[in-house]
Amino acid sequence: MKPLLCTLPLLLLAACGSGTQPQTQTQAALPAAHVDPATAGAISGRILFKGAPPAMPVIDMSSNPQCERQHHAPVKAEIVVVNPNGTLRNVFVRIKDGLAPARWTPPAESAKLDQQGCIYVPHVQGIMEDQQLEIINTDPVNHNVHAECQVNQAWNESQPPRAEHKFKTFSAEEVLFPVTCSVHPWMRAYIGVSPHPFFAVTGDDGTFTLRGVPPGAYTIEAIHEKYGKQEGKLTLAPSGAATIDFTYGS
Amino acid sequence: MAVSSQYNRGLHWWSVLLAFCTLLLVVAGGLVTSRDAGLSVPDWPLSYGKLMPPMEGGILYEHGHRMVATTVGILTIVSMIWLLRTDDRRWMRRLGVVALIAVIVQGVLGGITVLMLLPWWVSTSHACLAQLFFSTTVAIVLFTSPWWRRGPVPIEENPKFPIRTQSLAAPVAVLCQLALGAAARHKAIGVIYHICGSPIVTGVVLWISLRIVLHYAQNRELRLGALALVGITCTQVFLGIAAYMTRIAYADAVQPMPLMVAFTVLHVAVGALTMAASVALAILVRRNIPAAAAGFSHARAVAIS
Chain A
0 MKPLLCTLPL LLLAACGSGT QPQTQTQAAL PAAHVDPATA GAISGRILFK
50 GAPPAMPVID MSSNPQCERQ HHAPVKAEIV VVNPNGTLRN VFVRIKDGLA
100 PARWTPPAES AKLDQQGCIY VPHVQGIMED QQLEIINTDP VNHNVHAECQ
150 VNQAWNESQP PRAEHKFKTF SAEEVLFPVT CSVHPWMRAY IGVSPHPFFA
200 VTGDDGTFTL RGVPPGAYTI EAIHEKYGKQ EGKLTLAPSG AATIDFTYGS
Chain B
0 MAVSSQYNRG LHWWSVLLAF CTLLLVVAGG LVTSRDAGLS VPDWPLSYGK
50 LMPPMEGGIL YEHGHRMVAT TVGILTIVSM IWLLRTDDRR WMRRLGVVAL
100 IAVIVQGVLG GITVLMLLPW WVSTSHACLA QLFFSTTVAI VLFTSPWWRR
150 GPVPIEENPK FPIRTQSLAA PVAVLCQLAL GAAARHKAIG VIYHICGSPI
200 VTGVVLWISL RIVLHYAQNR ELRLGALALV GITCTQVFLG IAAYMTRIAY
250 ADAVQPMPLM VAFTVLHVAV GALTMAASVA LAILVRRNIP AAAAGFSHAR
300 AVAIS
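Chains as they are written, first to last, in numbering that gives the first Met the number 0: chain A, 0 to 249; chain B, 0 to 304.
Please keep in mind that the hints were generated in silico from the structure rather than gathered at the bench. Quick caveat: nothing in here was measured; it's all calculated off a predicted structure. Do not take every clue at face value.
Stated by the list, open to error - In silico DSSO-like pairs for lysine-lysine, Cα to Cα no more than 27 Å straight-line:
hint	chain 1	residue 1	chain 2	residue 2
1	A	K49	A	K95
2	A	K232	A	K111
3	A	K225	B	K49
4	A	K228	B	K49
5	A	K165	B	K159
Said to hold, decoys possible - Pairwise CB distance ranges, derived in the manner of DEER restraints:
hint	chain 1	residue 1	chain 2	residue 2	range
6	A	A54	B	A187	31 to 41 Å
7	A	E147	B	V171	55 to 65 Å
8	A	T168	B	M54	44 to 54 Å
9	A	W154	B	M54	40 to 50 Å
10	B	R246	A	K232	52 to 62 Å
11	B	M54	A	V120	20 to 30 Å
12	B	A187	A	K49	32 to 42 Å
13	B	M54	A	K232	35 to 45 Å
From the three backbone atoms N, C-alpha and C, an ideal C-beta is built for every residue, glycine too.
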């Protein structure tokens, strides 16, 4: 019995630290990426929405009046946001396949995830592997930030009001994972971690543009939190421009 | 306080308080899961590094659960000391120690599941141990009650409709069903397994209860225990259907909806009552139908035949 009692805490400790540790050695062994500006082109497109846009529920913030007071109008969920021009917002678009294996350098500038009025801003964003994510709490309330990663190491940390910004990095490709707050269960953002810089998130015009892409044949992937993934193939000529549209619908 | 074989009124009512607070704890735990508040306080044993964080949003549920748990822990410690110092029954004193160990393990499981970001196997174990601990506190209430101290009202087992061993099937079946429900709530398995288990468990409970009502009704304790178990189980089935229907109705909601939360938490609480009632009935059966009597009855039946 005694050995069992001694072993149990060790097993628990081991279990606590047994989260998935992404493999970064393979990436480090790759040659540094180089794009010739003379031949680089652009891939662009639109995310169209077909059919009647679903009505988004109004978020009930009454459980925390300090959240409620920061809004002058009812706040609707951002799960499906259809723009006036019939396009879909918050779709993560990226080159899925076709790039030569290479090690891309993440930008020095950090991506930002703010908690404003008990809403995550932005709702969807992409960052590069090892790029810093700066997490800000501009609310006068406590939040917890839970990165629900499956490939990278998941974490959950509190962030009181006016606390120092948090800086996090994700070292493995993962598209998309949710970031949630259990203090305010309606809060949900999505992050896509990409090994290369060729990704975009559609905004209020529903378009995307991937610039500085080397010529080649690519698989382009669009991911929406509710409607899922779609893929399309295209070929980008040297110094050319290629377009691809995706259509989602309810 | 001297060791005594007499009814201890203070100890009995303390046990009632412990069982009641444990049921509140089960409700508080159910609220944490149903309100998606399990990770609203990322640290443990402190909450946001404090004993008392601001009780806002999900923190209210998670820290409230911890506060009720602390109260139950203190009540259990006092209960154990009280039993050790005053109860003449060795097995009863041991039960007091077992209850304290269970509540400590339960607290540690609760802490581990927060620190490990709610792995299903820890959260499910936490939920199942909660049900077992509540049944233990209800058993302590039975064992410290005045009528328990007055002794059993023996009844012979009907050899055609044996019940002594069969009565154990109900708590085992209910515990399995609770484990399936907890696993579904913590996303380890689909809810379909819990739904499929429902008619089986209900059937087992009805089979045991009806056998008692039809063949052992002359014993008041057994009759009332069986009827109580049937009533609680029927309520539980209704609440299960209501909880499932509200989950379907609010499948697209961006946050836990009050009606869904209410029915789910009630389903969890009445699940704990079902478990406790099945355990209590098994205890009553085994107390009032002693093994020796059963053996004698069987021998007499064989001789007559």
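Status of the hints after comparison with the structure:
At most 27 Å may separate the alpha-carbon atoms for a hinted pair to count; K49(A) and K95(A) meet this at roughly 24 Å. A hinted pair counts as satisfied when its Cα atoms are at most 27 Å apart, and K232(A) with K111(A) does not qualify at roughly 31 Å. Restraint check for K225(A) and K49(B): not satisfied, since their Cα atoms lie roughly 38 Å apart, outside the 27 Å limit. A distance of roughly 43 Å separates the Cα atoms of K228(A) and K49(B); the hinted pair therefore is violated under the 27 Å criterion.
Taken as a hint, the K165(A) and K159(B) pair is broken in the structure, with Cα atoms around 71 Å apart against an allowance of 27 Å. The supplied range of 31 to 41 Å is met by A54(A) and A187(B), whose beta-carbon atoms lie about 33 Å from each other. The hinted range of 55 to 65 Å is not satisfied by E147(A) and V171(B), whose Cβ atoms lie roughly 36 Å apart. In this structure the supplied range 44 to 54 Å is violated for T168(A) paired with M54(B), their Cβ-Cβ distance being about 33 Å.
Distance hint check for W154(A) and M54(B): the Cβ-Cβ separation is about 24 Å, which falls outside the suggested range of 40 to 50 Å. Between R246(B) and K232(A) the C-beta distance comes to about 40 Å, which lies outside the given range of 52 to 62 Å. Range check, M54(B) to V120(A): about 26 Å between beta-carbon atoms, so the 20 to 30 Å window is met. Hint check: A187(B) to K49(A), Cβ distance near 37 Å, so the stated range 32 to 42 Å holds.
Range check, M54(B) to K232(A): Cβ separation about 54 Å, and the 35 to 45 Å hint is violated.
The structure is inconsistent with the numbered hints 2, 3, 4, 5, 7, 8, 9, 10 and 13, although it conforms to all the rest.
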